[in-house]
Amino acid sequence: MDVSETADAVARASYGKLVAFLAARTRDVAAAEDALAEAFAAALAEWPARGIPRTPEAWLLTVARRKLIDAARRRQTGEEAAPTLALLTEELVDAAEGDMQIPDERLRLMFACAHPAIDEGVRAPLILQTVLGFDAATIASAFMVAPAAMSQRLVRAKSRIRQAGIPFRVPERDELAERLDAVLEAIYAVFAEGWTDPAGTQPRTRHLAEEGIWLGRLVASLLPEEPEALGLLALMLHAEARRDARRGADGEFVPLAAQEPARWNAALIDEAEELLLRASRMGRHGRFQLEAAVQSAHAARRHRGSTDWAAIVQLYDALFAMTGSVVVAINRAVALAEVHGVKRALAALDALQDDARLAQYQPYWAARAALLARSGNSAAAADAYQRAIGLESDPAVRAFLQRAYLTCTT
Amino acid sequence: MKVLLLMYQDERAMQRLPREEYGKLHGAFVAYVDALKQAGALLGNHGLRPTAEAQTVRKWVVLDGPFAETKEQLAGYFLLDVPDMAAALDWAKRHPTAAYGSVEVRPVWT
Amino acid sequence: MQYLLLVYANENAVLNAPKETVTQVIGAYQAYTEAMKKAGAWVASNRLRPTSEATTVRNQNGKKSVLNGPFAETKEQLGGFYLIEAPDLDAALSWAARCPGAAHGSIEVRPIWTM
Numbered sequence: 001m002d003v004s005e006t007a008d009a010v011a012r013a014s015y016g017k018l019v020a021f022l023a024a025r026t027r028d029v030a031a032a033e034d035a036l037a038e039a040f041a042a043a044l045a046e047w048p049a050r051g052i053p054r055t056p057e058a059w060l061l062t063v064a065r066r067k068l069i070d071a072a073r074r075r076q077t078g079e080e081a082a083p084t085l086a087l088l089t090e091e092l093v094d095a096a097e098g099d100m101q102i103p104d105e106r107l108r109l110m111f112a113c114a115h116p117a118i119d120e121g122v123r124a125p126l127i128l129q130t131v132l133g134f135d136a137a138t139i140a141s142a143f144m145v146a147p148a149a150m151s152q153r154l155v156r157a158k159s160r161i162r163q164a165g166i167p168f169r170v171p172e173r174d175e176l177a178e179r180l181d182a183v184l185e186a187i188y189a190v191f192a193e194g195w196t197d198p199a200g201t202q203p204r205t206r207h208l209a210e211e212g213i214w215l216g217r218l219v220a221s222l223l224p225e226e227p228e229a230l231g232l233l234a235l236m237l238h239a240e241a242r243r244d245a246r247r248g249a250d251g252e253f254v255p256l257a258a259q260e261p262a263r264w265n266a267a268l269i270d271e272a273e274e275l276l277l278r279a280s281r282m283g284r285h286g287r288f289q290l291e292a293a294v295q296s297a298h299a300a301r302r303h304r305g306s307t308d309w310a311a312i313v314q315l316y317d318a319l320f321a322m323t324g325s326v327v328v329a330i331n332r333a334v335a336l337a338e339v340h341g342v343k344r345a346l347a348a349l350d351a352l353q354d355d356a357r358l359a360q361y362q363p364y365w366a367a368r369a370a371l372l373a374r375s376g377n378s379a380a381a382a383d384a385y386q387r388a389i390g391l392e393s394d395p396a397v398r399a400f401l402q403r404a405y406l407t408c409t410t
Numbered sequence: 411m412k413v414l415l416l417m418y419q420d421e422r423a424m425q426r427l428p429r430e431e432y433g434k435l436h437g438a439f440v441a442y443v444d445a446l447k448q449a450g451a452l453l454g455n456h457g458l459r460p461t462a463e464a465q466t467v468r469k470w471v472v473l474d475g476p477f478a479e480t481k482e483q484l485a486g487y488f489l490l491d492v493p494d495m496a497a498a499l500d501w502a503k504r505h506p507t508a509a510y511g512s513v514e515v516r517p518v519w520t
Numbered sequence: 521m522q523y524l525l526l527v528y529a530n531e532n533a534v535l536n537a538p539k540e541t542v543t544q545v546i547g548a549y550q551a552y553t554e555a556m557k558k559a560g561a562w563v564a565s566n567r568l569r570p571t572s573e574a575t576t577v578r579n580q581n582g583k584k585s586v587l588n589g590p591f592a593e594t595k596e597q598l599g600g601f602y603l604i605e606a607p608d609l610d611a612a613l614s615w616a617a618r619c620p621g622a623a624h625g626s627i628e629v630r631p632i633w634t635m
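Residue numbers (the numbering used here), protein chains in the order written: chain A, 1 to 410; chain B, 411 to 520; chain C, 521 to 635.
Isolated chain A, as found in the complex (with noise of 0.2 Å):
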């Protein structure tokens, strides 16, 4: 293997993870990510001349090191610096040499990201960039952001890390659940984002899909007992499994009622009933194996050839009586529809109208216009139609908006 592709091949591997082993001692996110950089650039001079060494994870990180204490070095002086300095010398000793295991710290270093601290929106493109070690602006295409602001977002979170001494702990018992739901949410934020491109048309989104259930895989590793980590991990295989489905031969937008089972990735359903199965043995319930739930239910269609749209309704009922998610209820409108009527779910949307927020969200409008339609109520479904056309960013949406809007005006 030459020397750029072993480089590339431990940067994917063990970016995160070095970059986490740095941190969490100085908690200065900033600084390791800097003299990672740097220990990068030096193997990608020296490795060539001097061969690649046989572990090299350990090279680079006491090559960082040294760098972050140099760098610490010239920016500090006396008391200040002593902490740092000592901490990093002692252990410089040890990687010398060379046959140490560099222990994972990449959980702590998710749960630093999503520390109540740090602004909600910011807590995904944190973990992008420091766990899986994506550039500020490949992150602000993914979520539609000025480059220039996602930076100086990251860096002010970055520095607020340091400078509020947010630790790089795994949460006691007590804040564990909370906790590690902040982190769950942020990983699912980089798998939705990525979930509304499913055949990878755009650059910016292509990849986030699977770098979503990557993160959810490392967390469900490392967090086997935690029911939720499991029930997020098999809500994204249930998704992913359809990806296929959901695009027609033409590109075309095709929903889920409309999708052959036989197009689903059934190793990856498989998974996710396995996961959710353990998870419900351990008896504590949340939001994300509700959801998975949900998907678990729709994806039974190929087996028993129908959906079963009552346990959804069930499973909807439970979470929104546990988040009061408008999203949650917008969804569970759809699913009372299929079993107790077009009017009642006509009406749980009504309920909604009030919410300012619903103006600028496409799925309502979706979900309103082809309820409209199948109550005979063309005009009002047509209307609905264009707003969630016009609402649409998705060119294959937007065509099957369309379509559905030219059926009520004829």
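In short, the hints are calculated from the structure, not lab data.
From a predicted model like this one, the values you see are computed outputs, not experimental measurements.
One or more hints might be untrue.
Below 25 Å or equal to it, Euclidean Cα-Cα: the simulated DSS-like pairs (lysine-lysine) are [claimed, not checked]:
#, chain 1, residue 1, chain 2, residue 2
1, B, K447, B, K481
2, C, K583, B, K503
3, C, K595, B, K469
Over 10 Å on every C-beta distance to chain C, these chain A residues come out as not near it, computed from the model [what the hints assert, rightly or not]:
#, residue
4, A136
5, M144
6, E252
7, G305
8, Q314
9, G324
10, D355
11, Q360
12, P395
13, R398
Footprint (simulated), chain C over chain B, 3 or more residues, beta carbon under 8 Å [stated by the list, open to error]:
#, region
14, 431 to 438
15, 449 to 457
16, 470 to 477
17, 483 to 492
18, 511 to 518
C-beta: ideal position from N, C-alpha, C; glycine also.
Assemble chains B and C onto chain A, guided by the hints.
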């Protein structure tokens, strides 16, 4: 007919303008806007913040910066209601920016 | 806060598009504009005639000249604009992403300069 006047100028040069020059220019703009209003031709106008604060969404990728890097940058627009293109061009030639920048005239598609 | 969304697209592609595409795109823009209005974000918008009908007043060696054509020759041309009201840049970018023009062209987002 409606027309859009697009004003292009060298941003950096404008930012370096001495106070007195800037004052004169501001006066010229105020007079121009007044003349438009008197003629009943002004539908709307706005200045734009510098291109350093621009973003461009290109096939869904968000990039910092304006659509294109040009020697003069889009600094603002005027939307006018005029009897014909000749009148539109008259207004364009009289625009203060025409003295040191460029003014593009685009008919609106009705 | 107000933002100007400038919609750039390849004029030739637009003018030579098949009829069904044109109908679909017009429909998409109508829906987009309506959704913006209903959400209270629309302030103004206009489509522009092609750059073949543009004229530019330019300075050449201190002399003003009137020339046919747009300010600059670019691969994509300015086809229209939206003036919107949005709480912040992120919200403005959301609207830019929804613009039917975003799929194949470029949308420039410029904050309005308030005195």
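*Hint check against the structure, violated hint numbers in rising order*: Hints 1, 5, 11, 12, 13 and 14 are the ones this structure does not satisfy, whereas the remaining hints hold.
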